[in-house]
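Asker: Here is how the chains run, residue by residue.
Protein chains: 4
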Amino acid sequence: MAKLYFRHGPMDSAKTLNLLAVAHNYRSQGKRVRLLKPRLDDRFGDASIASRAGLEAKADLLLDHDTKLDPADFVGVDCLLVDEAQFLSTAVVEQLRQLTKEPGFPVICYGLRTDFRTRLFEGSRRLLELADSIEEVKVTCQFCNRKAILNLRLADGGAPSLDGDQIELGGNERYAPVCFNCYDARFSVSGLG
Amino acid sequence: MAKLYFRHGPMDSAKTLNLLAVAHNYRSQGKRVRLLKPRLDDRFGDASIASRAGLEAKADLLLDHDTKLDPADFVGVDCLLVDEAQFLSTAVVEQLRQLTKEPGFPVICYGLRTDFRTRLFEGSRRLLELADSIEEVKVTCQFCNRKAILNLRLADGGAPSLDGDQIELGGNERYAPVCFNCYDARFSVSGLG
Amino acid sequence: MAKLYFRHGPMDSAKTLNLLAVAHNYRSQGKRVRLLKPRLDDRFGDASIASRAGLEAKADLLLDHDTKLDPADFVGVDCLLVDEAQFLSTAVVEQLRQLTKEPGFPVICYGLRTDFRTRLFEGSRRLLELADSIEEVKVTCQFCNRKAILNLRLADGGAPSLDGDQIELGGNERYAPVCFNCYDARFSVSGLG
Amino acid sequence: MAKLYFRHGPMDSAKTLNLLAVAHNYRSQGKRVRLLKPRLDDRFGDASIASRAGLEAKADLLLDHDTKLDPADFVGVDCLLVDEAQFLSTAVVEQLRQLTKEPGFPVICYGLRTDFRTRLFEGSRRLLELADSIEEVKVTCQFCNRKAILNLRLADGGAPSLDGDQIELGGNERYAPVCFNCYDARFSVSGLG
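Protein chains in written order, with my numbering: chain U, 1 to 193; chain D, 194 to 386; chain A, 387 to 579; chain E, 580 to 772.
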């Protein structure tokens, strides 16, 4: 049995660059990887998997909440890489988990742990429940030099905000990676209920 | 700022022994630790923190869902250790997180990641959202030699079961640590909704 | 192929208790483990593997520098656990590595990373070269609350000392786990050549 | 006190890309990083730190075996990143370790663990002795899908070779990342003495 990995990190931790590095490594060894991402992440164009640090690739498959994966489509694949995995549905995570079974291959999912209210996303929740390996992609807090673990949403003008839907796409003008201390100084975590 | 740790592992992974070893280390250095656990875990007597491998200690404080922790009670403490942390309430986890703030001390929580239906507990959910460090206590699957990540509930007679409440206390006659493969062979994870 | 693990930690980090917990877990699942240690560690009696926190077991095999391991002696074994692995010879580490090959089993070695002069031991050096997985057993510094990574030797009377042979057996009256800062304040690491 | 990190991985594990991602993250937060590398690595031009996956930056400082680092040159720095750290001298590693002391900053070193004969380099040895955190950058074996931990040197024509000096610069035409099994099938590790 192969493994299911969840590599989580806050905004701007270079998760996508990390994913593209793994894809590059597999391919330079003559191995076959497939890149997947949720369809709703269309910031860089529907099928683009782009890192702000400079690299880019094309997703082989876009995932919807009700996508049915066909194992026959993955015969001969050595590794499956999923970007923005926090947006996956429970059902899709469970199908990815099934793909690791004999004769299977590793599935490596990159994504946020929590939203701007410190709550798990649907996809990150199911990944934290089912992953064989939970690994961290690290970045420092925007406001100090501690490690960031949470994400702050910034309103127009840059002020921190608790308003809006759980999912609003945006980059580093819209979200900042922060440590617990710097988050809690703005919005008390105890009050988030 | 000190750190909040979540050290998760399936049933019978020696989490409690690990906790008692950390307590022993602090104390042999002349440092002060406090041991906490949820009140509902009364398997070994209300205030006992006991490992099946052989060591035991007394909890300094039992935690209820609505416990209000008073920081004044923890002045001078070097480390706080929490057993069976999956059973903590969201509110108690948030208070533990607050205790790590300046002048704070590390809080190390040991607990299960998921229940017998592969779902997070209330406490493990909030810990996975707020912990600075997510670490794994490892044990092999009861049925093969892969690493276990899930917990199987056993009915009387030892047959695997999906019946009953999320929380039913029990030891290794009632639960078995299993890998995804051995769990899924009994209850398809895709069918758990 | 199974894996070779090196779980390193400074003095008094409860490495042996950790080892005994793993042995207990395997045995409570009806699996076969074998406990090994270098013969030269005779602090608790030749064949005893004892943790200062309270548990104890008997070593199945004592290892000398020139021991030749016979794979036939390990048929049916599920896991091999080695205590005080820093004292192993290069040749013995290489034989342990060979035992992980098909049809093999995991070999988990516990030991110190460095001696009281901040230098690798023969066994820890070869393990750091050949291990699939390098993991840390943590303990805080004797003098502050940072993580310890080095070992200070204490002379009679408790004063730190750089004198003597690399190997002089002793417990927490003879060695103290320390962080870099607290070590370097006593003996400048730059001056150790 | 800040931490000293050693992030090791075999050839072609994208260590440099990882380093450049960390540099990018610090800089996009308005923080100051300094990039260092040993002078002897001149594959991409003296001062270039280049990843085969596509990104590149300029080293701020080239390190010789007898370089004396002046802490005054690093005032206000938030993080120091070192590439090809296996080639550092013991003395330079010890100076980097000193830079983490109060008021210090984190030093993150990327490098190979071992050479093509499975032996530590001078720099990786001292880093494994003194690092607070030993982390792994992963890549699969060139010949199978297990994780690689060793490096095979390839002679002209591509045949594996044990000949030559410890240090001969080269890329993926000259070295291949391999697992223990695939290495040992070519050169028995027990015979390497």
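Honestly, I wouldn't trust all of these hints.
[Said to hold, decoys possible] When the alpha-carbon atoms are kept at most 25 Å apart in a straight line, the in silico DSS-like pairs for lysine-lysine are as follows:
id, chain 1, residue 1, chain 2, residue 2
1, E, LYS717, U, LYS31
2, A, LYS454, U, LYS3
3, A, LYS417, D, LYS331
4, A, LYS524, E, LYS717
5, D, LYS294, U, LYS3
6, E, LYS610, E, LYS637
7, A, LYS454, A, LYS444
8, D, LYS294, E, LYS582
9, A, LYS524, E, LYS680
10, E, LYS610, E, LYS726
11, A, LYS487, A, LYS454
Keep in mind that the hints were calculated from the coordinates and are not lab data.
Asker: Next, verify each hint and record whether it holds.
Answerer: Hints, one by one, checked against the model:
no.	hint	result
1	E:LYS717 to U:LYS31	holds (16 Å)
2	A:LYS454 to U:LYS3	violated (35 Å)
3	A:LYS417 to D:LYS331	holds (15 Å)
4	A:LYS524 to E:LYS717	holds (23 Å)
5	D:LYS294 to U:LYS3	violated (36 Å)
6	E:LYS610 to E:LYS637	holds (17 Å)
7	A:LYS454 to A:LYS444	holds (21 Å)
8	D:LYS294 to E:LYS582	holds (20 Å)
9	A:LYS524 to E:LYS680	holds (21 Å)
10	E:LYS610 to E:LYS726	violated (34 Å)
11	A:LYS487 to A:LYS454	holds (17 Å)
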